[in-house]
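*Asks:* Chain by chain, the residues run as shown.
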Amino acid sequence: MSESGVTQSQDDAQSTTDSAADATTDVAGATTASRDAADQTTAGETDEQLREEWTNYQFEGDPKLSVEDLDVYYGDDHAIQSVSMDIPRNSVTALIGPSGCGKSTFLRSLNRMNDRINSARVDGSVQLDGEEIYQDGVDLVELRKRVGMVFQAPNPFPKSIRDNVAYGPRKHGELRTGLVARLLGRDDTDEEDELVERSLRQAALYEEVSDRLDDNALGLSGGQQQRLCIARCLAVDPEVILMDEPASALDPIATSKIEDLIEDLAEDYTVVVVTHNMQQAARISDQTAVFLTGGELVEYDDTDEIFENPESQRVEDYITGKFG
Amino acid sequence: MSLGTRFDSTGTLVEEGSVTREAVSGGLVALAFASFVLGVLSLFQYLPVDATVGGVTVSTVLGGGLTLVGMGTVALGLASYAGRFETSPGHTGGLASAVFIGLLWFAVGGLVTSQTLGLSRLWPVLALLSGGVAAGVALVAREDLGVTLSAGLFVLLSGLVVVTGVVGPGWRWDPNGFSIVATGTVGVPVIALFAGLVGAWVAARVYGGFGAQGRQTGAYVLVGTNAAGMLALLVAVVSFIAIRGWGPMTEGIRYGLYWGPVTWFNPPVLDSWVIVEGPIVWFYWPFVMEGYGLNIPIDGVLPAIAGTFWLVVGAIAFAVPLGVGAAVFLTEYAEQGRFTFLVEISTNGLWSTPSIVYGLFGLAFLVPRLGNTPSLLSGQLVLGFMLLPLVVITSRESLKSVPDEYRDASAALGVSRWETIKSVVLPAAMPGVVTGVILGVGRIAGETAPILLVTTSSPFSADVAGVVQGGFGFVSSFPFVTVPTLDLVQSSNALPYQLFAIIGAGLGENLDFAWGTALVLLLVVMSFYAVGIASRVYFRRKLEA
Chain A
6 MSESGVTQSQ
16 DDAQSTTDSA
26 ADATTDVAGA
36 TTASRDAADQ
46 TTAGETDEQL
56 REEWTNYQFE
66 GDPKLSVEDL
76 DVYYGDDHAI
86 QSVSMDIPRN
96 SVTALIGPSG
106 CGKSTFLRSL
116 NRMNDRINSA
126 RVDGSVQLDG
136 EEIYQDGVDL
146 VELRKRVGMV
156 FQAPNPFPKS
166 IRDNVAYGPR
176 KHGELRTGLV
186 ARLLGRDDTD
196 EEDELVERSL
206 RQAALYEEVS
216 DRLDDNALGL
226 SGGQQQRLCI
236 ARCLAVDPEV
246 ILMDEPASAL
256 DPIATSKIED
266 LIEDLAEDYT
276 VVVVTHNMQQ
286 AARISDQTAV
296 FLTGGELVEY
306 DDTDEIFENP
316 ESQRVEDYIT
326 GKFG
Chain B
8 MSLGTRFDST
18 GTLVEEGSVT
28 REAVSGGLVA
38 LAFASFVLGV
48 LSLFQYLPVD
58 ATVGGVTVST
68 VLGGGLTLVG
78 MGTVALGLAS
88 YAGRFETSPG
98 HTGGLASAVF
108 IGLLWFAVGG
118 LVTSQTLGLS
128 RLWPVLALLS
138 GGVAAGVALV
148 AREDLGVTLS
158 AGLFVLLSGL
168 VVVTGVVGPG
178 WRWDPNGFSI
188 VATGTVGVPV
198 IALFAGLVGA
208 WVAARVYGGF
218 GAQGRQTGAY
228 VLVGTNAAGM
238 LALLVAVVSF
248 IAIRGWGPMT
258 EGIRYGLYWG
268 PVTWFNPPVL
278 DSWVIVEGPI
288 VWFYWPFVME
298 GYGLNIPIDG
308 VLPAIAGTFW
318 LVVGAIAFAV
328 PLGVGAAVFL
338 TEYAEQGRFT
348 FLVEISTNGL
358 WSTPSIVYGL
368 FGLAFLVPRL
378 GNTPSLLSGQ
388 LVLGFMLLPL
398 VVITSRESLK
408 SVPDEYRDAS
418 AALGVSRWET
428 IKSVVLPAAM
438 PGVVTGVILG
448 VGRIAGETAP
458 ILLVTTSSPF
468 SADVAGVVQG
478 GFGFVSSFPF
488 VTVPTLDLVQ
498 SSNALPYQLF
508 AIIGAGLGEN
518 LDFAWGTALV
528 LLLVVMSFYA
538 VGIASRVYFR
548 RKLEA
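Going down the list, the sequences are from chains A and B. Residues 6 to 329 (this note's numbering) are what the first sequence spells out, left to right. Residues 8 to 552 (this note's numbering) are what the second sequence spells out, left to right.
No wet-lab data here; the hints were simulated from the structure. It is possible that some hints are incorrect.
[To be verified] If you want the ones that stay clear, here's a sample from chain B, every Cβ over 10 Å from chain A, calculated: (1) Gln122; (2) Leu357; (3) Ser465.
[Claimed, not checked] Selected chain B positions facing chain A (in silico; Cβ < 7 Å): (4) Glu351; (5) Tyr413; (6) Ala416; (7) Leu420; (8) Gly421; (9) Val422; (10) Val431; (11) Ala435; (12) Pro438; (13) Asp494; (14) Leu550.
All C-beta atoms in this analysis are idealised placements derived from N, C-alpha and C, irrespective of residue type, glycine included.
Hey, can you work out the whole structure from these sequences and the hints?
*Replies:* Shown next as structure tokens:
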């Protein structure tokens, strides 16, 4: 498909209703944040200068994702201020910070979901395996196949569980199960069954739904729906999985299942997860990035370092609950 | 200071002596509701006011019932005011109730003084006076006294007027300055409807023991009675047509079962005919299986049914794909701004454009270009134009109500926008789209004016328009198959037009035929509804768990 440029311009022409809903939380948050950022900070937050070494995180091997001086604007609002960070492969990276600090916006700029918002403008560079994703000629289909995303609220399609999981591969033409395929003898039903089962197993959902794959996905519980969304994302075989507060709408038991799942997934995938639950970040992540008011990346390091020995006073105040 | 002294009156958790009040006022509600229902029945002549039931006229029954309701509510109100049983009345009847009661009494005062007393100049003063007094009583007096007295007396007065025969079956009223004549057959039911509604409302307030609870039951009864009245109106209209149309429509139906040849064939080897016999159901329904002509024993409406069928099918086939396509473009692709706003305004305007205007457009623009003759095709296109705006409006609304999460989820899987629309957005919007089509079909199937201009010929044809000509078959020359052809450029009849033409030809001897046609039209529209509702259920079930 050659829709890189085309898709982008179509996406830019996306209706305002769409985009408003897309970014409600973050735009609203970002508005207040950037206004505050200029001269003052959130109540209880001390004033301090950022230092480069706080965000200078060293690790072995090439980074999977490499972000360089990334700025995101919503209209006049500066939602992300020149953030640079390298994300190592096959690990869990947690993004934490108070509401409206731009962590979700940052996440959405990693697979160009911000393109779907009219007013959003992105400056800077994001590289996936050393390839720039913000340049002309980028195939958004291929990018989003490689960088999958799981949203805050479970959003399965109103289709059967099987159709939900097989949706991506079918639409990408990797599975052919339609009438024409059946007539031509190129039916991929077996492959599809295999893929559905594998994806659901990876998402730790198969045991619970194996006998009702043709039931509507909306009949599942919230936690099951979220794992189905993860399975749907895994079915297109991504390399990176972005998760935007994947457990915030779920009860504690469903949350712990999702957390276990994230840790398992990190063996084969690069997982970037936004959360505002600091215990969760401490439990599941290998490295943590702390965003604070105004869309700045304040500190980025091993999770243990962040939680036990933060360098920034503000980060220490934030993780000990003095503000935010 | 204890909390209990903060209010003047302390409520009790368990009311005593409320059983009598509830029994009596409940009975009054039922009686008032019965008067309302009886009023509806007599208004539609199912039970005319001068008919007698057990030796009494319906008018007397209505009047007596209303008198009882009026006396009962006033008595209950007085008893409550005297503290005979426990209620929780407010300090006032409430502003809205007072205004409502004031308007009632304004009308009563005005009518009595101008018509009965004949005070042609003074009536506005007296009308204002009576309205003001009633509203004042309802507003100022304690709720149990004010509301029951002002509204109960109205019911009582209405009942007395009817039961004493002041407004009875023989009553006539031709108000000055209006060229209408009201007779008792209409006047009594209308009074019964109004007073029944008011009586049920007041009695329900007593039933709830006044106060917040009383207002709640009052509103509940009022709204419920209104809904019942609306349903009654619907049933009355449909059954009115059904009762009159049933006889002519079913006239001459004959059916039977006989043994006969079902199929026969000639196998090449045997070289003789093999005939398979079996039971054959035989059914003849002249009204829907015959045309309209001199040599037909029982006239029928088959050509009109066929015409209406082709018109509706053609209009749907034309308007639905186009309308849904436009809605998808406007909702999913076009930038929301001045352009879409303009389109929205103009579609709304087109939907409210009178059908005769569409008909004139068709006559002036389509007919000369499509064979220069009235034709089914022109009718289908004109009806399609009429259906289009509604399809666009309802499809847009249902597309907008598809959650954005679906679009996000699909985009995050790298699926292109068109694929997303095709496999997620449109299926989720289908029930809404179908609802729009159902609404539109109801309108276009009954449309007379455009059909009259662009489709029918005069006098209307007695035969079914031969739209499908020829059949499937094999021939010896290229391309070796024949397929039926659709001939849409011919004039046709349609049910609403046929009805119109019969009425135009004089109803006298054709009255039965007209009612039968009306009933068939109703049934045809309803069967289109049934198809629409079934498909809506189908699409909805696909979305639901």
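*Asks:* Okay, which hints does this one fail, numbers in order?
*Replies:* 4, 12, 13
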